[in-house]
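Listed below, chain by chain, are the residues.
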Amino acid sequence: MKQFVFLEHAADAKFQAFGRTIEECFANSALAMNSVECNIKKVAAKQKLAIRVSAENTEELLHKFLEETLFQMETKKLLFSKFKIKINEKKNSLTAELFGEKINKKKHELKTLVKAVTWNNFYLKKEKKIWSAQAVCDT
Amino acid sequence: MQKIREGVYEIPKEGEMRASARIYASEKILGKIEAEAFQQLKNSATLPGIQKYAIGMPDMHTGYGPPIGGVGAFEKETGVVSPGFIGFDQNCGIRLIRTNFTAEEIKPKLKELIDVLFELIPAGIGETGKIRLKKDELGELFAQGAAYLVKKGYGWKKDLEKIEEKGQMKNANPEKVSEKAFQRGLNQSGTLGSGNHFLEIQKVSEIFDEKTAKKFGLFQGQGVIMLHSGSRGAGHQIATDYLDKMLRAMEKYKIKVPDRQLACAPINSSEGQDFLQAMNCGVNYAFANRQAMTHRIREGFEKVFGQKAEDMEMSLVYDVCHNVAKFEKHEINGKQKELLVHRKGATRAMPSGRKENPEAYMTTGHPVIIPGSMGTPSYVLVGTETALNETFASVCHGAGRAMSRHSAMQQKRGEQVKKDLELKGQIVKGASWAGLAEEAPEAYKDIDEVIASVELSGIGRKITKNLPMAVMKG
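Chains G and Z, in that order, are what the protein sequence lines are.
Count along the first sequence starting at 1, add 707, and that's the number in our numbering.
Count along the second sequence starting at 1, add 50, and that's the number in our numbering.
Check the hints yourself; a few may be wrong.
What the hints assert, rightly or not - Using 25 angstroms as the maximum straight-line C-alpha spacing, the simulated DSS-like pairs for lysine-lysine come out as follows:
(1) G:Lys-832 - Z:Lys-469
(2) Z:Lys-185 - Z:Lys-201
(3) G:Lys-813 - Z:Lys-474
(4) G:Lys-812 - Z:Lys-469
(5) G:Lys-784 - Z:Lys-469
(6) Z:Lys-230 - G:Lys-783
(7) Z:Lys-306 - G:Lys-771
(8) Z:Lys-474 - Z:Lys-462
(9) Z:Lys-208 - Z:Lys-226
(10) Z:Lys-462 - G:Lys-813
(11) G:Lys-771 - Z:Lys-180
(12) G:Lys-809 - Z:Lys-230
(13) Z:Lys-157 - Z:Lys-353
(14) G:Lys-784 - G:Lys-813
(15) Z:Lys-230 - G:Lys-791
(16) G:Lys-833 - G:Lys-797
(17) G:Lys-812 - Z:Lys-180
(18) G:Lys-809 - Z:Lys-185
(19) G:Lys-797 - Z:Lys-295
(20) Z:Lys-295 - G:Lys-798
(21) G:Lys-809 - Z:Lys-180
(22) Z:Lys-185 - G:Lys-783
(23) G:Lys-755 - Z:Lys-157
(24) G:Lys-813 - Z:Lys-161
(25) Z:Lys-53 - Z:Lys-63
What the hints assert, rightly or not - Computed, partial: chain Z to chain G, Cβ under 7 angstroms:
(26) His-111
(27) Thr-112
(28) Gly-113
(29) Ile-118
(30) Ile-175
(31) Phe-232
(32) Arg-234
(33) Gly-384
(34) Lys-385
(35) Gln-386
(36) Lys-387
(37) Ala-484
By construction, these hints were calculated from the structure, which means they are not laboratory data.
Quick reminder that beta carbons are idealized off the backbone N, C-alpha and C, glycines included.
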């Protein structure tokens, strides 16, 4: 199973991410978003940051998780390459540890800044035991 | 799709559409617009209170919510405001700065100039500006826009006369801006950003209307500077916050949209009013951001040429937004009505006589600045009466992408893009190789064709054509 794939979109970054568990699907979605900005293989999991997110349903939880991750990336000047996520599906909430390091122009092969996570064609679903998500990030 | 006249096509009202959709494009350009972009335009036509038509410009392409290159005007009393119809980069826009140099006079120092500007203006991911603001100062900047920075010594008082809205949207209320948006905005004033944002040194290569060009301070062979940037993280966060609020509010107002990114609320609702007050802060942030960079550009020229910016006559030609919603009066069925005009990747183009023009441009109409893609020409236009009557005084905002960033990266390497442009005699300095690959000229529509569409449909008139000499990319 692939972690994520990028799809054609004229202006922005559209991806699908997959997981055998909902947590894995969330983590791969955040990895895809980070890979819009840099080569995630070059990002060492040196620093840890903990976040909490809650929402009204699991799809919105994923959206808010990506938004929160993006907010942390931009304000703390970090890139992330590893995620440990615990999701409470009944309460539509999660706690996550984001691992990464400070942005380094010379090391991380920077690409394009993600401005925001849009709701355009956004989804989270489970089919035949596989979770998948889709998002379009404004770049 | 029906042909209305040369350069104008209409998709009749169907299904949930409340208005028909119109596209301003030549047949050639029309063939290059993706089916999804047309669908997004039709989706935009379903929003409550939309007037006349949902309008697509010749640079139209797939976006999120409405297409990029989309215009929609909504009746003040019955219509809606939609954050997604403005975009996350509120008041992304273009500023053109003149000099009294010819391009030939700049050329010998071009390399040095771009290197100096690259040092002075932070570009790309993770960069912070040199202007450090405290929270209360950022609040003032949100409320006052470019005027705040001019007061602090960044630029000239007369700059404000040559900025749309004089660089300050009224009714901007920092209390409606979230803590997160403040945090994202604190250290980014005076930064270029990434993606398609750029700073370019250009040569005015052709003059189509001598008299108007002169009014704009432009002459044949002149060296000018074009700047493309927006509201950075502050604006992106404001849009994110209010999109969320509107998604929740729609049920209350019994509004259904075909794409959640079109989430909206009645203009007269508390959600609508709060958003407008917050959005105006984002718009003001972008005006201030371009003002801060203008100050640095002048500093850079002073350093390289050893002259004062005043002596090099580096005044603004104009500064226009292309992602914004604003109240304007337009004629609907013979009556003047106050409308909230949303422009998402579309440039305001008020013809002569309209009160929105600065005094200096009242008899010509303000300059409408349209950048090409990297390595290709840009244009200065003016709006026409046709634009006023048909497109709510709007034209395109650029060439418009024809290829995804992903495909561009697979087909081109940044190093090759730089080399190709250098063979054409242009200097390119980018914050990242991948960024250059994504912005390869081949990834965009032909700007000459797009501008030909604008002229064919009669919504704009060419004043100058500018060629790139050196570009700095985020």
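To see whether the hints hold, each was checked on the structure:
1. Taking the CA atoms of G:Lys-832 and Z:Lys-469, the gap is about 45 angstroms. The hint is violated against a cut of 25 angstroms.
2. Annotation: proposed proximity of Z:Lys-185 to Z:Lys-201 holds, straight-line Cα distance about 17 angstroms (limit 25 angstroms).
3. Of the supplied pair hints, the one linking G:Lys-813 and Z:Lys-474 is violated, its CA atoms being roughly 28 angstroms apart against a limit of 25 angstroms.
4. Between G:Lys-812 and Z:Lys-469 the CA atoms are separated by roughly 21 angstroms; this keeps the pair inside 25 angstroms, and the hint holds.
5. Proposed proximity of G:Lys-784 and Z:Lys-469 is contradicted: the alpha carbons are some 31 angstroms apart, above 25 angstroms.
6. This hinted pair checks out: Z:Lys-230 and G:Lys-783 have alpha carbons roughly 12 angstroms apart, not beyond 25 angstroms.
7. With a CA separation close to 22 angstroms, the supplied pair Z:Lys-306 and G:Lys-771 stays within the 25 angstroms bound.
8. Of the pairs offered as hints, the one joining Z:Lys-474 and Z:Lys-462 holds, with about 17 angstroms between alpha carbons and a cut-off of 25 angstroms not exceeded.
9. For a cut-off of 25 angstroms, the pair hint linking Z:Lys-208 to Z:Lys-226 is broken: about 30 angstroms separates their Cα positions.
10. About 21 angstroms separates the Cα atoms of Z:Lys-462 and G:Lys-813, which keeps this hinted pair within 25 angstroms; it holds.
11. Simply put, G:Lys-771 and Z:Lys-180 have alpha-carbon atoms about 31 angstroms apart, too far for the 25 angstroms limit, and the pair is violated.
12. With a CA separation close to 20 angstroms, the supplied pair G:Lys-809 and Z:Lys-230 stays within the 25 angstroms bound.
13. A threshold of 25 angstroms between alpha carbons decides the hint, and for Z:Lys-157 with Z:Lys-353 the separation of about 16 angstroms falls inside it, so the pair holds.
14. Annotation: proposed proximity of G:Lys-784 to G:Lys-813 holds, straight-line Cα distance about 15 angstroms (limit 25 angstroms).
15. Between Z:Lys-230 and G:Lys-791 the CA atoms are separated by roughly 24 angstroms; this keeps the pair inside 25 angstroms, and the hint holds.
16. Distance hint between G:Lys-833 and G:Lys-797 is fulfilled; the C-alpha atoms sit about 16 angstroms from each other, no more than 25 angstroms.
17. Simply put, G:Lys-812 and Z:Lys-180 have alpha-carbon atoms about 18 angstroms apart, close enough for the 25 angstroms limit, and the pair holds.
18. Taking the CA atoms of G:Lys-809 and Z:Lys-185, the gap is near 24 angstroms; set against the 25 angstroms cutoff, the hint holds.
19. Restraint check for G:Lys-797 and Z:Lys-295: satisfied, since their Cα atoms lie roughly 23 angstroms apart, inside the 25 angstroms limit.
20. A C-alpha spacing of about 21 angstroms is found between Z:Lys-295 and G:Lys-798, which places the hinted pair at or below 25 angstroms, so the restraint holds.
21. A C-alpha spacing of about 19 angstroms is found between G:Lys-809 and Z:Lys-180, which places the hinted pair at or below 25 angstroms, so the restraint holds.
22. A C-alpha spacing of about 17 angstroms is found between Z:Lys-185 and G:Lys-783, which places the hinted pair at or below 25 angstroms, so the restraint holds.
23. Among the hinted pairs, G:Lys-755 with Z:Lys-157 is inconsistent with the structure: their alpha-carbon atoms are about 49 angstroms apart, more than 25 angstroms.
24. Of the pairs offered as hints, the one joining G:Lys-813 and Z:Lys-161 holds, with about 22 angstroms between alpha carbons and a cut-off of 25 angstroms not exceeded.
25. For the suggested pair Z:Lys-53 and Z:Lys-63, the alpha carbons sit about 15 angstroms apart, so the restraint of at most 25 angstroms is met.
26. With its C-beta approaching chain G no nearer than about 4 angstroms, Z:His-111 sits inside the 7 angstroms limit, and its interface hint holds.
27. A hinted interface residue such as Z:Thr-112 counts as satisfied when its beta carbon comes closer than 7 angstroms to some beta carbon of chain G; here the least separation is about 4 angstroms, so the hint holds.
28. Taking 7 angstroms as the C-beta contact cut-off toward chain G, the hint placing Z:Gly-113 at the interface holds, the least distance being around 6 angstroms.
29. Interface hint at Z:Ile-118: satisfied, since its Cβ lies 6 angstroms from the closest Cβ of chain G, which is below the 7 angstroms cut-off.
30. Nearest Cβ of chain G to the Cβ of Z:Ile-175: about 5 angstroms, under the 7 angstroms cut. The hint holds.
31. Hint status for Z:Phe-232: violated, given a least beta-carbon distance of 10 angstroms to chain G, over 7 angstroms.
32. The restraint placing Z:Arg-234 at the interface with chain G holds, with a minimum CB-CB distance near 6 angstroms, inside the 7 angstroms limit.
33. With a least beta-carbon distance of about 37 angstroms to chain G, the hint placing Z:Gly-384 at the interface is violated under the 7 angstroms criterion.
34. About 35 angstroms separates the beta-carbon of Z:Lys-385 from the nearest beta-carbon of chain G, more than 7 angstroms, and the hint is not met.
35. Annotation: Z:Gln-386 was flagged as interfacial toward chain G, and the flag is violated, the nearest CB pair being 35 angstroms apart, outside 7 angstroms.
36. Interface restraint check: Z:Lys-387 against chain G, minimum CB-CB distance 30 angstroms, threshold 7 angstroms, status violated.
37. Proximity of Z:Ala-484 to chain G holds as hinted, the smallest CB-CB distance being about 4 angstroms (cut-off 7 angstroms).
In summary, the structure is inconsistent with hints 1, 3, 5, 9, 11, 23, 31, 33, 34, 35, 36 from the numbered list given earlier, while agreeing with the others.
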